[in-house]
Each structure stands twice: as structure tokens, then as C-alpha cells.
Amino acid sequence: MEENFAIDVRGMTKRFGERTVVNDIALQVRAGEIYGFLGPNGSGKTTFIRMLCGLLRADAGSGTVLGFDVIAESEAIKRQVGYMTQRFSFWEDLSIAENLDFVARMYDVKNRAQAVRRSIEQLGLAGRQRQLAGQLSGGWKQRLALAACLIHQPKLLLLDEPTAGVDPKARRDFWEQIHQLAGEGLTFLITTHYMDEAERCHRLAYISYGNLLTHGTVAEVIVHVRLTTWSVRGPGLLGLAAQLRQQPGVQQAVAFGNALHVSGDDAAALEAAIAPFRQAPFEWQRIASGLEDAFIHLMEQSQDNFAPAVAAEPLKK
Amino acid sequence: MKPRQRHPKFSPRRLWGIIVKEFTQMRRDRLTFAMMLGIPLLQLTLFGFAINSDPRHLPAAVLLADQGPQGRTLLYAMQNSTFFDFTRQVRTEVEGRDLLARGQVQFVVNIPENFSRDLLRGDRPAILVEADATDPAATGIALGSLNAVLGGALRNDFKGPLDFLNATASPIDLRVHALYNPESITQFNIVPGLMGVILTMTMIMITGLAITRERERGTMENLLSMPTRPSEVLIGKIVPYILIGYIQVGVILVAARLLFHVPMHGSIPLLLVVALVFIAANLAMGITFSTIAKNQLQAMQMTFFVFLPSILLSGFMFPFRGMPRWAQTVGEFFPLTHFLRIVRGILLKGNGLPDVTRELWPIALFAAVMLTIGVKRYRQTLD
Ligand SMILES: Nc1ncnc2c1ncn2[C@@H]1O[C@H](COP(=O)(O)OP(=O)(O)OP(=O)(O)O)[C@@H](O)[C@H]1O
Ligand SMILES: [Mg+2]
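So the sequence lines, in the order shown, correspond to chains Z and H.
Mapped onto numbering that gives the first Met the number 0, the consecutive letters of the first sequence carry residue numbers 0 to 316.
Mapped onto numbering that gives the first Met the number 0, the consecutive letters of the second sequence carry residue numbers 0 to 382.
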């Protein structure tokens, strides 16, 4: 407990009517860490983040965010957290400068004018500060939103899909900036659907249907899933994939460029399944499973397990 | 653990931040801005026409100095005509005037001393009827019927030995004083009333949309994630529209003066001060709707849900004292009802502070209650 956690919550639960959207999730994020928060659409990522900053009332759960009680002290949390919403939520009929100025006023930022000017310069928008936010392209909106989240110098940033629809160059710049800020001591909780971004995080959590399925570093997550993967090259891979998927022991057969990745969580069964096909013209090779293989595996498993109520036991350490 | 800072205090600086934001957005929203000017002009044109109605049971006071039976006979006849409803008895003319000024009665009927005696002598005694003609629609028909009503009553009474009196053209001398609006010009009543009607409609609507708009555009999530207090948001959203309200008041006053030549007997600065309370009451009502409505459409519907009964029951459409009792009771709850009395009182009757205060506190109370409900209802979370 004495480790310095920016986020340290447990038992977080949110129900909308009958549906449990976030189910008993525990999460610990160390100060200065970039923490990736992954999961398929509708798995409860946004809902969880909203509970952290007091935008949704949790049905159960306890813990601290930046040392403040996550349930009772959301006002104090709000003042030190920057929350970037999944959907652009700044005022489209205000200019870039006006939006930043408004945010700075709401947080009572010292030297407001200077802070706004600095923020605009960092954005590289000095020439367009009078442009209405609504007229910006999607990528620029994202950048404006990030700049606005940073203007009050928060200690923790909750970024909900900050790079959706952003071009690769801007994405790289964005991650560079994130790593630099983390180096300065900021903590990040970032949701994303991009595997390359997930791999750039210090640690990850993966949730599905509101359940935390796994967490840890990239390597830990992959190990944890205990998946065996074979790569196969040759002609007519499409037909081969269809045949392989029928075999017991094969859980995935996914095309990656000119190769097919075939995975299963029972190494012996998988080997038995592919045995009939291990002949010319196919070239087989056992490879390390990737993060994507692991996630797709988790996703499919949790779907299978979901039917009997909440049978998918969250994997806790 | 760090020291606990629970509810941060109301911050005037944050409030100012919200006001600045709302002002900027308002300035950019040309269409709404144009509508806020267009609605008064449109309504002024439309309602420039008189609205006719046939009000009955108008409250009247009587100053009865006569001891004989004939005076009472006439009063019964007036009551039976269903136009007049004698609700009060006064002792002096001043008392009667006061009731008229406050709008408690529509008429004061003055039957002088020795009326019966003079009548029997054939001296043509005078009956004085003073009428609050602010709203000609209310008094016109009743006054028009008066000659026939009184004439008929006397003819019945004078059957037999007194029949000779019927020979004279009219045995009494009926004097009618139409106070406040002697020429009975309907516009004099309607145009000042429009000020209240227009403010009610536009002020409720514009703030009604204020919070639902944030919610629909998704900016609410952002606003809520910042350390703002509900009172800051609500008041910050009200203040800029007060300016719009004053622009409308200005437009209507200028039109009233230049187009409709409405007399302005009272103090205009007083009217402007009172208007502030009324504007605030409507804005507070709108903002409260805004916290209840799920979307902008619902906010609009709620606006009309209040607006229609307001104009129907406030005394704008129909003379207030001519409405059934239940309608009057309901009407008392609307700020518009009280504001109409104030604005007509100040402009047409030259009412001063004491008369105005009587009608002002219900409006102020309404504003306070509405704002409190709004702050209570304002959800600080998304669920
Ligand atoms: N206000 C709400 N009322 C009812 N259900 C809701 C509400 N908000 C979210 N949900 C439901 O909760 C579930 C989780 O939604 P959430 O937005 O948290 O998912 P997510 O992981 O952020 O998905 P995505 O990757 O698509 O952004 C969804 O099934 C959604 O339909
Ligand atoms: Mg989401």
C-alpha cells in the first residue's frame, strides 16, 4: 500500500438498470506510469473512467485517486485530473483560444493569459487561434482537446481513445509527448484499440463485458494468456484457414500478410490438429504469440464464458 | 492521506468565466439573436389588434351614502345584470380610488346622500361610476349596458303613483368617469402587456435550451469534469440573457411610445428595475426546465406548457377580474400576472413604489424558488 499509486481502486461496479457494465474491477496505477486500458467496444472502459473522475456514481467500490477518496472526494479529484472525453466535447462555437481560456478559468489557472498562449504555441496553432473549434479537422480537434486537458497542469490524465482518427505522424508525436510528460511525473490512463499503442504502455489492463480479464506488462499479459501460435506459409492459405478452424484445439486462424497465424491454448491439442497439414507445400514455424493474438483469444473466451451469468471470473492476482 | 477538501466554495471568478463563455456563444448564434429581436416586433404587430371578449362579474365597490330604498334598487339591478359584482363597500372617495389604483375593483359606484329623496322629487340626482378603463375590453361592455340596466330598474320601480317620473327623459344623471385610459384605446392596455408576454416566452425558452444544449452537444461531460459548482453554471447562464431581456424591454417601450402613443404616467426607471426581477424570474424558470428536460425538444414543450396558461390566465388575453374564481387563483401563481399589473400600473396609472411592491414580491419569491429547484435538480453526474 505504501507504493505511490495515482489510482488505487477496487470493487468498482456500475450497473445501468439490470445490466452490470463494470463488474468489480480493481486497478492500481503507479504515479508516472502510462497505463493502457483495453477492451472491445462496449466493454465498459469509458464507464470505468467516468467513475474515476466523479462523472458517474459508482454502485460499489472504494479506493483513492491521487490520494482522494474516489467516491466522496470527486470535487478534489476533478481539480487535479485532466479528462479527455472519447467524443470531442469542447465548444464548437468558441474559438481555439476561447476554449482554452474558458478551461483555464474553470480551473482557476494562475497567469491564465500566459498559460493559454503557451498552450497554443505548443499546439503549433498560433496562427489559427481565432478559428472556431468546430471547423477543425478531427485530428486537430484531438490535439486541441489534449492541450486543454493539460492547461491546468493535472497530475493524472484520463484519456479516452485520444488517438482515434489521428494520422500516424500525429500519433507518434502524441505518444512522444505522453512519454515525455510521464517522465516529468504525470500519470496516464489511456484507452485505445491500437495494438502498437498498447505496446507503448508501461502496463496494460484488458477488460471485457465489464470484467477485468488480465493486467500487467505486455510480456506478462502474453504469458498469462498461455497461447501457442504457429505461423504457416504457402499457397491457398484461405482454404487452409477454413479447414483448420474446424479442428478441435485450433482457436484462431488469422491471416497476417502472407502468413497465417494459428493459435490455441492447448499446445498438444494444437500440434495434433495441425499434424495432417504439416507437409509440402506448407512451411510451418512455431512463433511467439503477439499481443493481438492474446487479446483476440481473450475476447473470444470471454464471449464463450459470458452466457452462464457472470461465470467469467475476473483474473485476480 | 492528504487533507480533505470537500465542497469547494462558490467562485466568482469561475462564474465570470461562464458568463464570458455564454456571451461569446450568444454573440455567435446570430439566428437566436435575431429571433430575440424579431419576436417582440412580430408580436407587437400581431397584437396591435384588439382582442375582444365579453367579461362579466367584474368586481365593484360601492359608496352608498343614501338612506332610501331607490339607491339599493339600482345596485340590485346592476348586480343582476351580471356585469357587476359588488364585492366591497367603501366610506370615502379616496378609499374607492385606492381600490381602483390597486386593481382590486374595476368600478366604484357612488350613490350620493339623499339620492332617493332627490329622485322622488324629480331633481335628477347624480350617480357617479368610476371605472378602471386600463383595459377597455373589460369595462366597455359593462359601462355600455349601464344606461339600459338602470333605466329598466327605475321603470319597474316607478309603476303606479310614481309613474309620472318615467315621463322625464331620464330621472337620474349618470356620470361615468373612465380613469387611466379615458379614450378606451385597447392598444394602451395590450402594448404594455406585451412586454410581459414577450419576456415570458423568450426568456423561458432561451435558458430552457441552455443546459439541454450542452447535454445534446456532448459538452456537458466536459463541463462536469471540471470543478464547477451548479450555482456557478446556472447563474452564469442566466446573466447574459438579462441583457437580451433589456433590449426587448427597450424595443417595446420605444414602440409603445412612438407607434402606439401609449401614455407613460409613471417612472420609467422604476419600471426598468422591476423588469429585472421579472426577467430573472423567467430565466430561472427556464434554467430549471433545462435541468429537468432530457433534450431541447422537451425544454421547448415545457416552455409552451407554461407560456399558454400564462397568457390566458394572467389577464393579458382576458380581463383578470372577469375570469372565474378558480382561474384567478391559478393566475396568481404566474409571474406574468403580477408583472402585467405592475407595467400597466406604472405606465397607465402612474403607480409608484408602494403599489408596485405589492406585486413585486410574488415575482421575487417565484424567482428564488425556481432557482433553488434548479440548483437542486442540476445533476453533477451523467447518470
Ligand atoms: N448512460 C448509459 N445508460 C445505459 N447504458 C449505458 C450508458 N452508458 C454506457 N452504457 C452501456 O454500457 C456499456 C459500456 O459502455 P462504455 O461506453 O463504457 O464502453 P467502452 O468500453 O467505452 O466502449 P467503446 O470502446 O466503444 O468506447 C455499453 O454496453 C453501453 O451500451
Ligand atoms: Mg468508450
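Keep in mind that the hints were calculated from the coordinates and are not lab data.
Among the clues, some could well be false.
Subject to a maximum C-alpha distance of 25 Å in a straight line, what follows is the list of computed BS3-like cross-link-like pairs (lysine-lysine) [stated by the list, open to error]:
| hint | chain 1 | residue 1 | chain 2 | residue 2 |
| --- | --- | --- | --- | --- |
| 1 | Z | Lys154 | Z | Lys109 |
| 2 | H | Lys375 | H | Lys293 |
| 3 | Z | Lys154 | H | Lys8 |
| 4 | Z | Lys109 | H | Lys375 |
| 5 | H | Lys293 | H | Lys8 |
Practice prompt. Starting from the hint list further up, note which numbers the structure goes against and sort them upward.
Written response: 4, 5
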